[in-house]
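Peer 1: This is what each chain is made of:
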Amino acid sequence: DGGITQSPKYLFRKEGQNVTLSCEQNLNHDAMYWYRQDPGQGLRLIYYSQIVNDFQKGDIAEGYSVSREKKESFPLTVTSAQKNPTAFYLCASSIRDTYSYEQYFGPGTRLTVT
Amino acid sequence: AQSVTQLDSQVPVFEEAPVELRCNYSSSVSVYLFWYVQYPNQGLQLLLKYLSGSTLVESINGFEAEFNKSQTSFHLRKPSVHISDTAEYFCAVSDLSGGYNKLIFGAGTRLAVHP
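So the sequences go chain by chain: F and R. Residue numbers for the first sequence follow my numbering, beginning at 425 and rising by one. Residue numbers for the second sequence follow my numbering, beginning at 34 and rising by one.
Any given hint might turn out to be false.
What the hints assert, rightly or not - Distance windows between CB atoms, simulated:
(1) R:Ala34 x F:Glu493: 23 to 33 Å
(2) R:Gln75 x F:Lys494: 35 to 45 Å
(3) F:Thr429 x R:Leu84: 23 to 33 Å
(4) R:Leu84 x F:Val476: 24 to 34 Å
(5) F:Thr429 x R:Gly95: 38 to 48 Å
(6) R:Ile116 x F:Arg468: 23 to 33 Å
Claimed, not checked - Facing chain F, according to a computed beta carbon distance under 10 Å, are these residues of chain R, among others:
(7) Asn57
(8) Phe67
(9) Gly76
(10) Gln78
(11) Lys82
(12) Asn134
(13) Lys135
(14) Phe138
(15) Ala145
(16) Val146
(17) Pro148
What the hints assert, rightly or not - Partner residues are not named here, just some residues of chain F that face chain R (Cβ under 7 Å, in silico):
(18) Gly427
(19) Gly466
(20) Thr510
(21) Leu514
(22) Ser518
(23) Glu526
(24) Gly532
No lab work stands behind these hints, which were simulated from the structure alone. Everything numeric in this text was worked out from a predicted model, so none of it was measured. Cβ coordinates follow ideal geometry from the N, Cα and C atoms, glycine included.
Model the full structure from these sequences, guided by the hints.
Peer 2: Given below as structure tokens:
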């Protein structure tokens, strides 16, 4: 089955620790995205990548970092600089980076930092 | 920049009743519009989309949405809801200003279908 895998589904960390969220897709999509979801705020774009070894900041990139070494993989690191990291994180991909193509979403990772 | 307003944060409705979830977007230029559905603790699934052509678009499970350019709206409707439609629904619009496939999402509407 083609799709997007995010792991783990639930993640708990202590404040001050960096944590990396995994996102893998086997849809052969070029573009990949990371969103953050908070209750009542919809989804906000953290980072996106159009091709391997290239990525751009979204609207709320501060305190996050990404890499895109392979087409299938787009891991997100939540660093200790992120002031409020507890949230639901969603990874998405699309066929290519044009406006008419919908984005496909993974199941999400719920991160709790205490 | 584009923005999306979903006018109702929660919509309670009884099973088999009709429902309308409202969505307004900010731009009057050409847009692509989407409705996504999210079940608890899951990712988003595309429900339907408007790209061009007929202003009325339908999903396979009975939802429909109508693109109204003059009112900059893309309201989602279903004539008879089921318990299984209970979920959160997000309206999204493509933002053409950034040079890439950027989606702007509304805050979501939580649909609660009661027996």
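Peer 1: State for each hint whether it applies.
Peer 2: Hint check:
no. : hint                            : in the structure
1   : R:Ala34 x F:Glu493: 23 to 33 Å  : holds, 31 Å
2   : R:Gln75 x F:Lys494: 35 to 45 Å  : violated, 25 Å
3   : F:Thr429 x R:Leu84: 23 to 33 Å  : holds, 28 Å
4   : R:Leu84 x F:Val476: 24 to 34 Å  : holds, 28 Å
5   : F:Thr429 x R:Gly95: 38 to 48 Å  : violated, 30 Å
6   : R:Ile116 x F:Arg468: 23 to 33 Å : holds, 31 Å
7   : Asn57                           : violated, 14 Å
8   : Phe67                           : holds, 6 Å
9   : Gly76                           : holds, 4 Å
10  : Gln78                           : holds, 7 Å
11  : Lys82                           : holds, 6 Å
12  : Asn134                          : holds, 5 Å
13  : Lys135                          : holds, 7 Å
14  : Phe138                          : holds, 4 Å
15  : Ala145                          : violated, 15 Å
16  : Val146                          : violated, 20 Å
17  : Pro148                          : violated, 26 Å
18  : Gly427                          : violated, 10 Å
19  : Gly466                          : holds, 4 Å
20  : Thr510                          : violated, 15 Å
21  : Leu514                          : holds, 6 Å
22  : Ser518                          : holds, 6 Å
23  : Glu526                          : holds, 5 Å
24  : Gly532                          : holds, 5 Å
Hints 2, 5, 7, 15, 16, 17, 18 and 20 from the list above are not met by this structure, while the remaining hints are.
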